[in-house]
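Colleague: In case you want the letters, here they are:
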Amino acid sequence: MALPTPEPIPGTTLFDGSAAQMGYQLNAMCYSFNDKANRDTFLADEAAYCDRFDLTPAQRTAVAKRDVLGMIAAGGNIYYLAKLAGIFGLNVQDVGAMQTGWTVPEFKEMLLAQGRGLTYAEAAHG
Amino acid sequence: MAEIVGAYFTSHVPAIGGAIHRGDQQDPYWKPFFDGFPKVHEWLAAVKPDVAVVFSNDHGLNFFLDKMPTFAVGAAAEYANADEGWGLPLYKSFQGHPALSWHVIEQLVEDEFDPVTCQQMLVDHAISIPFELAYPDAREWPVKLVPIGINTVQHPLPSAKRCLALGRSVHRALASWAGDERIVLIGTGGLSHQLDGARAGFINADYDRFCLDHLASDPDALTGHSIHDIVRLAGTQGVEVLNWIAARGALGPAAREVHRNYHIPISNTAAATVLMEPA
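Quick mapping for you: the protein sequence lines, in order, are chains A and E.
The first sequence begins at 0 in numbering that gives the first Met the number 0 and counts up by one.
The second sequence begins at 0 in numbering that gives the first Met the number 0 and counts up by one.
Because the hints were derived from the structure by calculation, they are not lab data.
Okay, derived cross-link-like pairs now, BS3-like style, lysine-lysine, Cα gap no bigger than 30 Å in a straight line: (1) A:107 with E:30; (2) A:64 with A:35; (3) E:91 with E:66; (4) E:91 with E:38; (5) A:35 with E:91; (6) A:107 with E:38; (7) E:91 with E:30; (8) E:30 with E:47; (9) A:107 with A:64; (10) E:66 with E:160; (11) E:66 with A:35; (12) E:47 with E:91.
The following block holds chain A by itself, in its conformation from the complex:
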């Protein structure tokens, strides 16, 4: 019998077995970026490198569009995706802005507002 499914958490995807299966190729490609030679090969010909890791169409599209939410929907895990982001010189605040639709200064301000005592709900939606 399947375990009961808890209430979903808004704006949040749990990287579970289902995501890990679906995202295996994309995460494998990102894991390869621990090696500088692989990062350089990717930059020289992105499409060929995606072919080499047999990315799914959804993964290829999300990578080509730099669509982080699309990568997550296609099984990407943020710890591995962070290595892809690094190739483009993007840090986790840039990636946060890409996912939330804010500008990077707006995203940083939202974090600072939480440091001034606002809750996330107040800082993000207030």
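Assemble chain E onto chain A, guided by the hints.
Modeller: Chain E only, in chain A's frame:
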């Protein structure tokens, strides 16, 4: 007999390494976080540990999804850092303590934990940054390392209750170790933060305060939340608090907090630094 001198907990945000590299400790953005460390330096100089048993999570350096252990114990003579994909300067290597690692493994299996054992293991920023913060002037680390990895990457994750029990089993191992080492427990990561999804940037000071207020005096209080609850309360990467819970368990039955620093934000994270001693 070996002595457990205490426990040190801190966040391991990769950007901290960049701030150290640039010498930004007094920069207004970074100062409130780095101001938590002079006390850590004084404490370490006073209690003089020579072994560190460190609970942390790998970030896709040593482990990939092809083999993802829930619990992994390093039993290597040496642990090196390596390129995590960002081409940053490498952190210093660690000397291991294989005999103590195997003693911990024996106890864990005796207590019906079944960890993966690693005679080769790369260590990432989750271990290196807490050491850079603790020993800023060290040319080589003054302690030997026993690393214990907890899966916080791929669900299902071990429960908070299970991680506390894991830590308590490690405590039994350390309490029966016949050597004369001075042992510090270290828990790294957290506190609340979420890097991924439309809720990226989520921080929860109330939940962090709950954890910090109970970790020393009543760590079982943190085990009332399921992993799903912890993700909801602390964010997808806030589950790294599991490393803190396990390290607290390893400290022993009674503990008192001797230092706490908490600051929002460092990068996307509520950053915390805590010292505890056995009570």
